[in-house]
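With the hints as constraints, model all of the structure from the sequences given.
Protein chains: 2
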Amino acid sequence: MTLNVGIVGTGIFASDAHLPAIQAIDKLKPAAAYNRTKSKADVFAEKAGIPSGNVYESVDALLENPEIDFVDALLPVQSNVDIIRNAIKHEKPIVIEKPIAANMKQAREIVELASSTDLPIGILEQWAFFSSINKLREILPQIGNIVSFTYKATGPWNANNKYLATAWRQNPEHIGGFLSDGGVHQLALLTEILGHVEYVSGHTRQVRKESGTDDILFSSLKLTSGVIGTFTYGSAFGATDKSTSLVIYADNGSVTYDFSPSLPKPTITYQTGANAQEASEKTVIEIDEVNAIQEEFKNFASAVEAKDKSLVVVPPAKAFHHLAIIAAALESSKNNGSSVKVEVV
Amino acid sequence: MTLNVGIVGTGIFASDAHLPAIQAIDKLKPAAAYNRTKSKADVFAEKAGIPSGNVYESVDALLENPEIDFVDALLPVQSNVDIIRNAIKHEKPIVIEKPIAANMKQAREIVELASSTDLPIGILEQWAFFSSINKLREILPQIGNIVSFTYKATGPWNANNKYLATAWRQNPEHIGGFLSDGGVHQLALLTEILGHVEYVSGHTRQVRKESGTDDILFSSLKLTSGVIGTFTYGSAFGATDKSTSLVIYADNGSVTYDFSPSLPKPTITYQTGANAQEASEKTVIEIDEVNAIQEEFKNFASAVEAKDKSLVVVPPAKAFHHLAIIAAALESSKNNGSSVKVEVV
Numbered sequence: 001m002t003l004n005v006g007i008v009g010t011g012i013f014a015s016d017a018h019l020p021a022i023q024a025i026d027k028l029k030p031a032a033a034y035n036r037t038k039s040k041a042d043v044f045a046e047k048a049g050i051p052s053g054n055v056y057e058s059v060d061a062l063l064e065n066p067e068i069d070f071v072d073a074l075l076p077v078q079s080n081v082d083i084i085r086n087a088i089k090h091e092k093p094i095v096i097e098k099p100i101a102a103n104m105k106q107a108r109e110i111v112e113l114a115s116s117t118d119l120p121i122g123i124l125e126q127w128a129f130f131s132s133i134n135k136l137r138e139i140l141p142q143i144g145n146i147v148s149f150t151y152k153a154t155g156p157w158n159a160n161n162k163y164l165a166t167a168w169r170q171n172p173e174h175i176g177g178f179l180s181d182g183g184v185h186q187l188a189l190l191t192e193i194l195g196h197v198e199y200v201s202g203h204t205r206q207v208r209k210e211s212g213t214d215d216i217l218f219s220s221l222k223l224t225s226g227v228i229g230t231f232t233y234g235s236a237f238g239a240t241d242k243s244t245s246l247v248i249y250a251d252n253g254s255v256t257y258d259f260s261p262s263l264p265k266p267t268i269t270y271q272t273g274a275n276a277q278e279a280s281e282k283t284v285i286e287i288d289e290v291n292a293i294q295e296e297f298k299n300f301a302s303a304v305e306a307k308d309k310s311l312v313v314v315p316p317a318k319a320f321h322h323l324a325i326i327a328a329a330l331e332s333s334k335n336n337g338s339s340v341k342v343e344v345v
Numbered sequence: 001m002t003l004n005v006g007i008v009g010t011g012i013f014a015s016d017a018h019l020p021a022i023q024a025i026d027k028l029k030p031a032a033a034y035n036r037t038k039s040k041a042d043v044f045a046e047k048a049g050i051p052s053g054n055v056y057e058s059v060d061a062l063l064e065n066p067e068i069d070f071v072d073a074l075l076p077v078q079s080n081v082d083i084i085r086n087a088i089k090h091e092k093p094i095v096i097e098k099p100i101a102a103n104m105k106q107a108r109e110i111v112e113l114a115s116s117t118d119l120p121i122g123i124l125e126q127w128a129f130f131s132s133i134n135k136l137r138e139i140l141p142q143i144g145n146i147v148s149f150t151y152k153a154t155g156p157w158n159a160n161n162k163y164l165a166t167a168w169r170q171n172p173e174h175i176g177g178f179l180s181d182g183g184v185h186q187l188a189l190l191t192e193i194l195g196h197v198e199y200v201s202g203h204t205r206q207v208r209k210e211s212g213t214d215d216i217l218f219s220s221l222k223l224t225s226g227v228i229g230t231f232t233y234g235s236a237f238g239a240t241d242k243s244t245s246l247v248i249y250a251d252n253g254s255v256t257y258d259f260s261p262s263l264p265k266p267t268i269t270y271q272t273g274a275n276a277q278e279a280s281e282k283t284v285i286e287i288d289e290v291n292a293i294q295e296e297f298k299n300f301a302s303a304v305e306a307k308d309k310s311l312v313v314v315p316p317a318k319a320f321h322h323l324a325i326i327a328a329a330l331e332s333s334k335n336n337g338s339s340v341k342v343e344v345v
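Protein chains in written order, with this note's numbering: chain L, 1 to 345; chain H, 1 to 345.
Hint data in this document are derived by calculation from the structure and do not stem from the laboratory.
Check before you lean on any hint, since a few could be wrong.
Since copy identity is lost for identical chains, a pair holds within one copy or between any two.
As the list claims (entries may be wrong) - Pairs of lysine to aspartate or glutamate residues, derived as EDC-like cross-links and limited to a Cα-Cα distance of at most 20 Å, are as follows:
(1) 242 to 258
(2) 341 to 331
(3) 47 to 26
(4) 334 to 198
(5) 307 to 281
(6) 282 to 91
(7) 307 to 16
(8) 341 to 16
(9) 298 to 198
(10) 38 to 251
(11) 309 to 16
If you want it as structure tokens, here you go:
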């Protein structure tokens with residue numbers, strides 16, 4: 001069985017990332033396209049092998065095509081709630097790009113819309129599909145009771161960032177600007193490994209005019225499990241190494257997951273033992289990471305095929321949590337780092 | 001001119017660290033000793049070449065010896081305020097070991113006592129004497145406007161820690177236990193480099209029963225300058241690398257100061273440039289660090305010789321700030337990471 005995918009919003013990421021992923025999956029076929037500027041949809045359709053008759057003048061027209069099995073929407077984030085409502089109206093399963101929504105009100109609407117239907121609704125949060133997550137879950141029981149962590153993703157400002165020219169990013173209507181745009185990835189990864197965040201205290205600042213809003217975040221977190229840690233995120237600095245790592249501290253050892261781009265492969269390093277005197281040698285594991293974008297499409301395709309929304313790995317309720325952490329951090333920063341309880345759905 | 005030093009409290013650190021430092025400085029001479037258990041003072045005096053007639057039965061007797069030029073006190077932290085009051089009464093300059101006091105009330109009393117006299121009163125906070133601080137101050141203007149930092153000092157629990165047996169550490173009357181005991185060092189270094197801390201939000205936890213109280217801290221800070229960052233401290237984990245580093249991010253570059261014990265020497269690495277495209281090569285500087293304990297004694301000796309308390313590099317008001325940050329972190333943690341303004345003197 002082949003699933004026909006209707007792509008709504010044929011911008012950079014649709015062309016550079018979604019299309020190759022969809023084309024690499026046997027059972028998926030790019031079958032229809034819509035873009036506000038139709039000429040861009042035409043170019044995309046040609047690249048994708050979509051017949052010109054399936055390039056639509058309106059989203060509704062695409063949604064009314066009975067041959068389309070699900071919608072892949074890559075829209076300015078503030079449009080996510082409307083396209084989901086519209087897809088449900090037309091009985092189409094839909095995946096949207098992260099972040100889930102422009103603000104928590106819209107995010108809540110999306111969660112409620114998803115609850116109101118049996119259609120699979122998914123958020124394309126590919127970081128939840130990294131195979132490193134499962135590897136870490138395997139290792140963690142060996143290091144005892146987890147007590148704390150540091151998560152740090154920092155990098156220099158990229159003056160050639162192709163996404164900088166995106167109008168909705170330059171003048172963000174969505175909370176957090178780049179902090180939510182990229183931060184939800186980091187938080188998806190963190191929470192898949194360590195569970196939900198309960199309290200956030202932190203500070204944000206704007207380093208780059210081009211970010212349109214605050215673009216760095218330094219925070220401390222308390223998880224629902226009682227684990228404490230720091231979460232640091234920003235790619236708006238002057239020259240510095242691009243570095244991304246999670247260190248997990250426990251009472252019988254520690255694990256470092258480093259996926260900085262300077263490494264040949266993402267690397268997990270761990271040691272066990274209750275103290276300095278009983279420390280084991282380090283075990284180092286290089287990860288052959290999956291193509292996470294393909295994995296998320298495969299996952300959503302399975303849910304659509306099975307008509308079973310419970311199979312969706314990142315449903316709106318999960319992506320809601322990622323954005324809620326950013327929202328809490330922004331609120332905290334407005335109050336000099338107050339403790340903000342993360343909104344629950 | 002030789003200055004005669006009266007040592008009050010002849011425990012491990014007096015014998016292992018202060019005595020060699022005092023003996024290495026030409027103008028200082030260990031000249032009198034007092035310990036609650038006199039036999040320990042006798043052993044110390046013999047090692048130090050102090051005549052047995054100058055081993056006293058009481059602190060007052062030592063303070064009444066007119067030949068003693070200043071007092072070096074290494075007492076359980078809750079005794080600092082009393083020994084300072086007593087030294088002032090006897091017109092003796094005095095240095096005490098960090099942390100300044102067992103709590104903020106006592107710390108404030110010490111600051112007030114120091115203000116009430118022209119005698120030099122100092123806190124032995126040797127980390128404020130690291131030559132790395134001056135090197136960093138030289139480099140920082142090259143990286144532009146500082147926006148943020150991460151300070152992280154983490155290590156495994158040391159089951160053979162010789163200080164663990166110290167009674168006042170096992171049953172801490174002082175706030176923060178090991179968090180203040182070691183944390184004030186880290187905060188002395190941080191604040192010498194980046195200035196005062198205004199707000200603290202964070203979480204603490206107790207990992208080791210032997211700590212007597214919370215022993216790890218994960219926090220976010222906002223400095224008076226507006227710079228934001230995270231401060232992570234703890235040596236109570238299971239097996240992990242002992243690692244201590246400060247990364248400073250600015251809009252035209254970044255600096256990493258790594259003084260992890262695994263390195264041959266403390267190392268400062270920096271790069272400049274406004275973004276990834278304009279990043280300079282890295283400059284790496286290995287620091288031949290000074291003997292900071294000798295430096296702090298030399299500094300205090302100069303102040304005593306000159307009868308000028310303004311020469312003291314770490315007067316009580318400065319050490320007050322270091323402890324106030326820990327106090328704020330502890331209060332914050334009690335309230336799920338609330339924003340706590342650091343008490344000012």
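Can you give the numbers of the hints that this structure goes against, from lowest to highest?
-> 5, 6, 7, 8, 9, 10, 11
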